[in-house]
Every structure is written in C-alpha cells, then in structure tokens.
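Chains as they are written, first to last, in the numbering used here: chain A, 1 to 268; chain B, 1 to 314; chain C, 1 to 256.
These are calculated hints, taken from the structure and not from any lab test.
Keep in mind that the hints are not guaranteed to be accurate.
Stretch by stretch, here's where chain B covers chain C in the computed footprint (C-beta under 8 angstroms, at least three residues) [what the hints assert, rightly or not]:
{"hint": "1", "region": "7 to 14"}
{"hint": "2", "region": "70 to 84"}
{"hint": "3", "region": "144 to 158"}
{"hint": "4", "region": "232 to 243"}
Computed spacing ranges between beta-carbons, pair by pair [to be verified]:
{"hint": "5", "chain 1": "A", "residue 1": "121", "chain 2": "C", "residue 2": "219", "range": "17 to 27 angstroms"}
{"hint": "6", "chain 1": "A", "residue 1": "26", "chain 2": "C", "residue 2": "182", "range": "38 to 48 angstroms"}
{"hint": "7", "chain 1": "B", "residue 1": "137", "chain 2": "A", "residue 2": "78", "range": "35 to 45 angstroms"}
{"hint": "8", "chain 1": "B", "residue 1": "15", "chain 2": "C", "residue 2": "56", "range": "47 to 57 angstroms"}
{"hint": "9", "chain 1": "B", "residue 1": "38", "chain 2": "A", "residue 2": "33", "range": "27 to 37 angstroms"}
{"hint": "10", "chain 1": "A", "residue 1": "81", "chain 2": "C", "residue 2": "182", "range": "30 to 40 angstroms"}
{"hint": "11", "chain 1": "C", "residue 1": "184", "chain 2": "A", "residue 2": "78", "range": "54 to 64 angstroms"}
{"hint": "12", "chain 1": "C", "residue 1": "56", "chain 2": "A", "residue 2": "79", "range": "51 to 61 angstroms"}
{"hint": "13", "chain 1": "C", "residue 1": "207", "chain 2": "A", "residue 2": "81", "range": "17 to 27 angstroms"}
{"hint": "14", "chain 1": "B", "residue 1": "220", "chain 2": "C", "residue 2": "251", "range": "37 to 47 angstroms"}
{"hint": "15", "chain 1": "A", "residue 1": "16", "chain 2": "C", "residue 2": "176", "range": "44 to 54 angstroms"}
{"hint": "16", "chain 1": "C", "residue 1": "95", "chain 2": "B", "residue 2": "137", "range": "53 to 63 angstroms"}
{"hint": "17", "chain 1": "B", "residue 1": "203", "chain 2": "A", "residue 2": "247", "range": "31 to 41 angstroms"}
{"hint": "18", "chain 1": "B", "residue 1": "203", "chain 2": "A", "residue 2": "67", "range": "26 to 36 angstroms"}
Since the structure is predicted, the reported quantities are computational estimates derived from the model, not experimental observations.
Ideal placement from N, C-alpha and C gives every residue a C-beta, glycine not left out.
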Amino acid sequence: MSDSTGAKAWGVDISALTYSYPGAAAPALSDVTVSVAPGEHVAIVGPNGAGKSTLLLHLNGILEPSAGSLRVGDLPVTPADLPEIRGRVGLVFQDPDDQLFMPTLLEDVAFGPLCQGLPRQEAEAQARRALGSVGLGHIDARRPAHHLSGGEKRRAALATVLSMDPGILAFDEPSAELDGRGRRVIAEILRARPQTVVVVTHDVEFAAAVCPRIVLLDGGRLIADRSADAILNDTGLLLEHGLELARWLREGAPRATAPESGTSDRKR
Amino acid sequence: MAHIPDGFLSAPVAATTLVTAGALTAYAAKRAQTRLDDRAAPTLGLATAAIFAAQAVNFPVAAGTSGHLLGGVLVAVVFGPWAGYLVMTAVLIAQALLFADGGLTALGANVLNIAAAGALVGYGIYRTLTALAGDGARRRGLAAAAAAYLSAVLTGAAAGLELGLSGVAPTGLSLGAMASVHALIGLPEGVITGLAVWALARKRADLLFQPQAASTGGLTGAAVLAGLGVVAILAGLLSILASAAPDGLERVAIDLGFAEAASSWEAAPFSDYQAWLPGTAGTLVAIVLGIALLFAGVAATARALARARAARNG
Amino acid sequence: MGFAHLDRYADRPSWLSRRTTPEQRLWIALGAAFAAGLMPPGAWRALAALALIVALGAWTARLPAGALARRVAHAIPFFLLPALALPLSVPGPAAVELGPLAFSEPGLTKAAEIVLRATLAVSAVTVVISVTRAADLLSALDALPLPRLVKSSLALGYRYVYVLNDELERTGRALRSRLGRAPVSRRWQARAVTLAHVLLRAHVRGSRIHAAMLSRGYRDGFPTLRPASTLSPFWTVAIVTLLAAVWLAGLIEVSI
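Same shape as in the complex, but just chain A (with noise of 0.2 angstroms):
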C-alpha cells in the first residue's frame, strides 16, 4: 500500500495553546507547547477528557485557540489560510460514519479535492487513487457507504483525506470499535504513510506500535514527551493518569510506585 501522492511532510509547531469551550468552566486545553518534525510520527494519548480531540480539532481550524498559536510548515492557523491549511493538514474523524456523508462512496472521496477547485476529472482520478492506496480499489465507488463493512468504512475515511494530498494526517481513536485484524491493517497503514502522522488514541500499546514517540496529555495538561518505549515501560505514570496496557488484564494491574513515575518533564 504505498502512497500515490508525493511524499510531502509539513511539521506542526504548537505554542501554549490554551482553549475553553463556550460557557466550560475549565479550560479543555490550557498551557500545551508540542513540536512536530515533518515525517515524524507522533500519538496523543490520555484518558477521556483529557483534550486529545480539542488538540487535533485545532491542527486544521476547526476550533480557534483562545490563546496561544498553532503554525503548520510555515503558515499560521488563522481564518485568512484556512483553505491552505485544510488542505495541509488531513483530519480522520474517530466515527466513519460521520466523514462519509456523501450519497457514494467516490463523491466522498472527491469531495475534498472538488472543496478545493480541482476539475471534476481531476478529481475523480485523484479519488480513485486514494481508494486504491487504502485497498479499496476493487470496490464499487458508486454505490453508498452504507454498503461498507466496518473496516472498509475506515480505509474509506482514510481515502477521503488521501484524495486531498495533505502533508499531515491527523487521527482520532484510529483504532476503537476494531477487531484484532482491523486493528492491526489500520496500524500497518499508519505506520507505512511518509506523511507527518498525530495519532489521538487512549490506547497505548496501539500508539506504541505505530508511533516512536508519545505526547501524554491529561486534564488539557501536557503531562509528559517522550519516547513510545518509555511511556510505555513508566507504569507509575500510566496508572497515575488512568491508562491502562492490554496484558494487565490477564496479569493484573500493577501497584503504583509513585516515586518513580516520570517527574522530569512534567509541567505545572
């Protein structure tokens, strides 16, 4: 499944972003400076609530920082370049189903490059070509997604940002409501994209897999920056914000030992 499209990267550079939804009593995001290199691939995780999808929600301009600033390459988010930025920066919706909106399945994935004036057989052949880099090319592109099964609508959701040629993508939850083996397609196709890639998942051993190095966010606090293998083997700090590994399970969780959990790059 190799990408189609050139390989270009952009990085991200996000700088004290704080952010509070109207009427919150507390901010969703407050105080958060992460750096992303072009190319690099980075996960976001942390319990629920802790503004992981704030965070990604912000790398395209959905949401506008109520302080702080966002630059992605060498553009500013600001509502002047929001086309730019849309088409630089590819979001995938953590429910398929709410990215496929269109009657087919090819006009959802046209539906971005037509957003962004290309000709109409311009598009269908770029469509085309994302849907065969996600291994949809067999299927029948003009019927409804409705059809799809499960992880078909996935890979669709995948194509519809493909289909844009963003230097980012950006995910939310890639992995819920997966099945071991769609799990596992959906982490190969992560791992393998030349692109920048900002995965947002609460499951940590999936992020570990895909991503060399992880952001742990928690409360809208940047609680810890470092590599997967790290994150992954700090059980204090796992257990202390509510992160749980898929072979505790079977083993149990193990009992917290509090002094040794990562307090060197914690900010307060």
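Fit chains B and C to the known structure of chain A by using the hints.
Using the frame of chain A, we list chains B and C on its own:
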C-alpha cells in the same frame, strides 16, 4: 390520508398550491440559511434523516391499525420553524418519489398541508403557548402536544379544502370529513410529540431551538400564525355541523326526486347551505369574530410579556 | 417506511435505462405524473391511451411484473379508501343501493376516474424510479428548481437514515427488553423517549459532520462529480412530448 395522491386535485388547485409552496420554500431556505450559516446543510440533513427514521416507528391507532408520526412540530421545536418546514418538505419529496406516498402533482398541496401547517403554524402555536405558560419541561411538553394536535387537524382541514375546491366532493363536506378524521389521527401525534418534547426538555433543553433574544417580532408572528391556524381549524370543525344537516336534507331531496337541484353544489358550494341554515351561519360568523378578538388579545399579551422580559434583561 | 426496496432493480439492463440518464428519467416521471394526475374528468379515451403508454414503459423497463404490481399495490390503499367514500358522499341519483347505503352515479364515476388517474401516476413513477439508483436520483434532483438546502437535506437524509435507524433499533430493543409487560402508558412513553433519543443523536451527529465537512474545505454547496451527460435527450423529449400530447388530447376530448 394525510398525503394527497395524484389524481385528486384539479389543475388550477395543483398549480396554485405548487407555486405557493415553491415561493414559501425559497423564503424558508433563505431564513434557515441566515440563521444556521454553514451549519445549515448538515443540521437539516440529519434532521431529515431523523424524521425518516422516526416515521419508521409505528404506533397502534384504533382497531388494530397503526400509524406513524408526521413530526412537523417535533422537528420545529428542536431545529426551528423554518428548518422544520424545509425538513418536512424534503421528507415529502422523498415520499412522493421513492415511496409513492403522496402525489407529485399534489406535492405543493402536501407541502402546505403538512410542512407549513405542521412546522410553521404548529411552531407558532407552541411558541405562543410557551410564551404564555412558561417554558418548564412539562409545560413545553403540553404546549407541543397541543400544537401537534391542532396542526394535525389543520392539516386535515386544509386537505379537505383543496379536495373541495378541486371538485372531488362538496367543499363543506370534504373539509368537515378530513378535519374530523384528522381530529382522531392527531391524538397519537399530539401525545407522542408532547412526550418526546417533554423528554428532550428534561434531558437537553439546551439543544432545543432558541428563538433569537428579544425578537418580539418573531413572537407576534408566531401568535398571529397560531391565531390564524386555530381560526381555520374552528371554521373546519364548524363546517362539520354545517355539512351534516344539508347532507341529510339532500338525501331527502334525492329521495323526493329533486336530484337535479341537489347537484347544484358544483356551482356554489356554500351558498345553499347557508340558505338552509341562517342560524348556523350567524353563529359561525360570531365565533370566528370572537376567536379573532381572542387572538388579538393573546398577541398583545405575548408582545407585552416579551417587552417586559426584554426590559428585565436590558 | 422501509428502505429495503430501494435500488433492488436499479442495475438491471433495460431499454429505458440505456436510452435515458437518471436526470432525464426524473423528467419523464414528472411528465407522466402530471399527465395522469391532472387528466381532466371525462377524458376516458385519453386516459386509456395513457394507460397504454405506461404499460409500454413498464415493458421497456424490464421490471418483473409481480414486483411492479406489489409496489403499486402498496400505494393503492392511500387513494382507494378516500375514493371509496365518494359514491356515498357525492350527491346524485343512486346507481346501486345496498340497504341504507346509496352509491350515487356521479360519485361512482368520480371514484373510478380518481382511482384510474392515481394508479396510472403511481405506476409510471414507480417504473421510472425503480430502474434508477437512489443515489443517482438524488444527484439528478439538481436539475429541479429546488433550494440547495432541500437537495442537501435529501442527500444527507438518505445517507444517514441507515445510521440513525441502526441506533433507533438498538434503543428500541433495549427498551423493549426492559419493558416486558409494562402498562400501555409506559409503552407510549418509551416510544416517545426513543424518538427524542433519535433527535438528540441527529443533533449531535450533525455538528460532528459539520466539523468533518469543514476540515475537508467545505464552504457552501456540495460539489458533484456527475459529468455532463453525453447521452442524447432524444428519447426523453419524445416521451415527454407524447405524454403532453395525450394530456392535451384529454383537454380537447372534454371540451368538444
């Protein structure tokens, strides 16, 4: 028969209703677009899907038959009157094309009867009642139930009027028959709508449509719409009385061999009834005037209430 | 309202589906519905001619007769019941008397006419729509002078009714298993709560879809891929002209 099929309406009635509904739809699209901006398409689309899905839920009516929700008031309470009107219009188009439920020539009439009477007039009644009685969850539920019931009766009365004007049956008769059938159909519609709005208002009142702050114009408009709707309903119900008697008289005329005279309804549907029943006609006029006065009062009260609220907030 | 019947015969090759595009078929359906639905009273010969055309159309569409009959039959109660009331309510000399019931002659004629017109219109629309995929029909609606919001509502409504139906079924099943032998009032409440739930889900999903649309560059309007058709409109024009001619013939038949 909430949905008029092809073949019932005459060409002039079909054309008039199509043009009227078309103009109203264009205006509604403008209003919904202004209010919802780029959220309009996904919001209305999902509301349409919700009404499709809701109409698949059958509930028992009398004698082993079952019916489904029309949903005009429900969708208007959640998404707003103009959005609700457009959603019901989209649903009617799909029903006519894909389900042979309601005719394509009757589409204009069905849009006016179901989308306009349900979502617009129904919402007007709901808004007026909640402005008068308050907007707690239970009161919202009761207001929605009353609005759904009355708008269903209005749907029937409007369909009866269109069928009468098309020459299918004497206007008074078809109006009365359709209104009374819908006075029954409206019962489950009212109960379900009321309970659903009550549940919604308890759980997520924040998701219900909020009229723009201090829009006294909107409230007056709602009250006027509601008033017109109720007057029309009462006129429809009274026509049952008006039609019951002449029907009996016509039977007598037929039996006595005056059949030729009796079929003169085609020339003047109402006049002979009134000639037969001067007393009823007088009562009808008095009641319509009374209702109009009552609603002028309601509108004035609603406006005063809104002004008082605006003064409190400002 | 079930959606299972959609698209069942849409992919069968037929003369009609080869010679016309979905958009052109939409115009044919409208033409047929208008010619049949608005045929003036008393134009029996024109109505018979129209029936012949519709039968011919059904034959060119290669639909199984049983399937077509079932679909048309499904719509018949909608107009048969109100039409049956006419012989009893339209005044005129009685043609048949059954005890206290007198079926008037003008009422019977009127009812027969209405049932014929309605059956013809429903059959014609069913034939034309059956050979068209629902998704194609939705994009063909672009040809009609409808506000954009109505078209997008239809497209999204068609896409998401399946998703919401699944959610509705899950909620309904959970409620049923909990209700058991609950009294009638609780059952009604349960139905209402289920509906409220679907509306809530629709509301929430609508805002998520909005975000998904924005993130792919949506500003306003849904772009379509549908290329301009290269198919000649000859047959469509011919069919619609024929339908219009029959309707005019009906008008003339009544006025002379």
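Evaluation of the provided hints:
1. Here's how the region 7 to 14 of chain C fares: 0 of its residues keep a CB closer than 8 angstroms to some CB of chain B, so the rule of at least three is not met and the hint is violated.
2. Only residues whose C-beta sits within less than 8 angstroms of a C-beta in chain B count toward coverage, and the region 70 to 84 of chain C has 8 of them, enough to reach three; the restraint holds.
3. Check on the region 144 to 158 of chain C: 13 of its residues sit with their Cβ under 8 angstroms from a Cβ of chain B, so the three-residue criterion for coverage holds.
4. For the region 232 to 243 of chain C, the stated coverage by chain B is violated: 0 residues have a C-beta nearer than 8 angstroms to a C-beta of that chain, whereas at least 3 were required.
5. For residue 121/A and residue 219/C, the hinted distance range of 17 to 27 angstroms is satisfied, since their beta carbons lie about 22 angstroms from each other.
6. At roughly 41 angstroms, the beta-carbon separation of residue 26/A and residue 182/C lies within the given 38 to 48 angstroms, and the hint holds.
7. Here the CB-CB span from residue 137/B to residue 78/A is close to 42 angstroms, well matched to the stated 35 to 45 angstroms.
8. Taken as a hint, the range 47 to 57 angstroms is violated for the pair residue 15/B and residue 56/C, whose Cβ atoms sit roughly 28 angstroms apart.
9. A hinted range of 27 to 37 angstroms for the beta carbons of residue 38/B and residue 33/A is consistent with their spacing of about 31 angstroms.
10. Distance hint for residue 81/A and residue 182/C: a CB-CB separation of about 57 angstroms, inconsistent with the stated range 30 to 40 angstroms.
11. Taking 54 to 64 angstroms as the suggested C-beta distance range, the pair residue 184/C and residue 78/A conforms, at roughly 59 angstroms.
12. The hinted range of 51 to 61 angstroms is satisfied by residue 56/C and residue 79/A, whose Cβ atoms lie roughly 59 angstroms apart.
13. Taken as a hint, the range 17 to 27 angstroms holds for the pair residue 207/C and residue 81/A, whose Cβ atoms sit roughly 24 angstroms apart.
14. Against the hinted window of 37 to 47 angstroms, the Cβ-Cβ separation of residue 220/B and residue 251/C comes to about 46 angstroms, which satisfies the hint.
15. Judged by the Cβ atoms, the range 44 to 54 angstroms given for residue 16/A and residue 176/C holds: they are separated by roughly 52 angstroms.
16. Restraint check, residue 95/C to residue 137/B: a C-beta distance of roughly 57 angstroms satisfies the suggested window 53 to 63 angstroms.
17. Range check, residue 203/B to residue 247/A: about 39 angstroms between beta-carbon atoms, so the 31 to 41 angstroms window is met.
18. As the Cβ distance of residue 203/B to residue 67/A is approximately 33 angstroms, the hint placing it in 26 to 36 angstroms holds.
This entry does not satisfy hints 1, 4, 8 and 10, going by the numbered hints stated previously.
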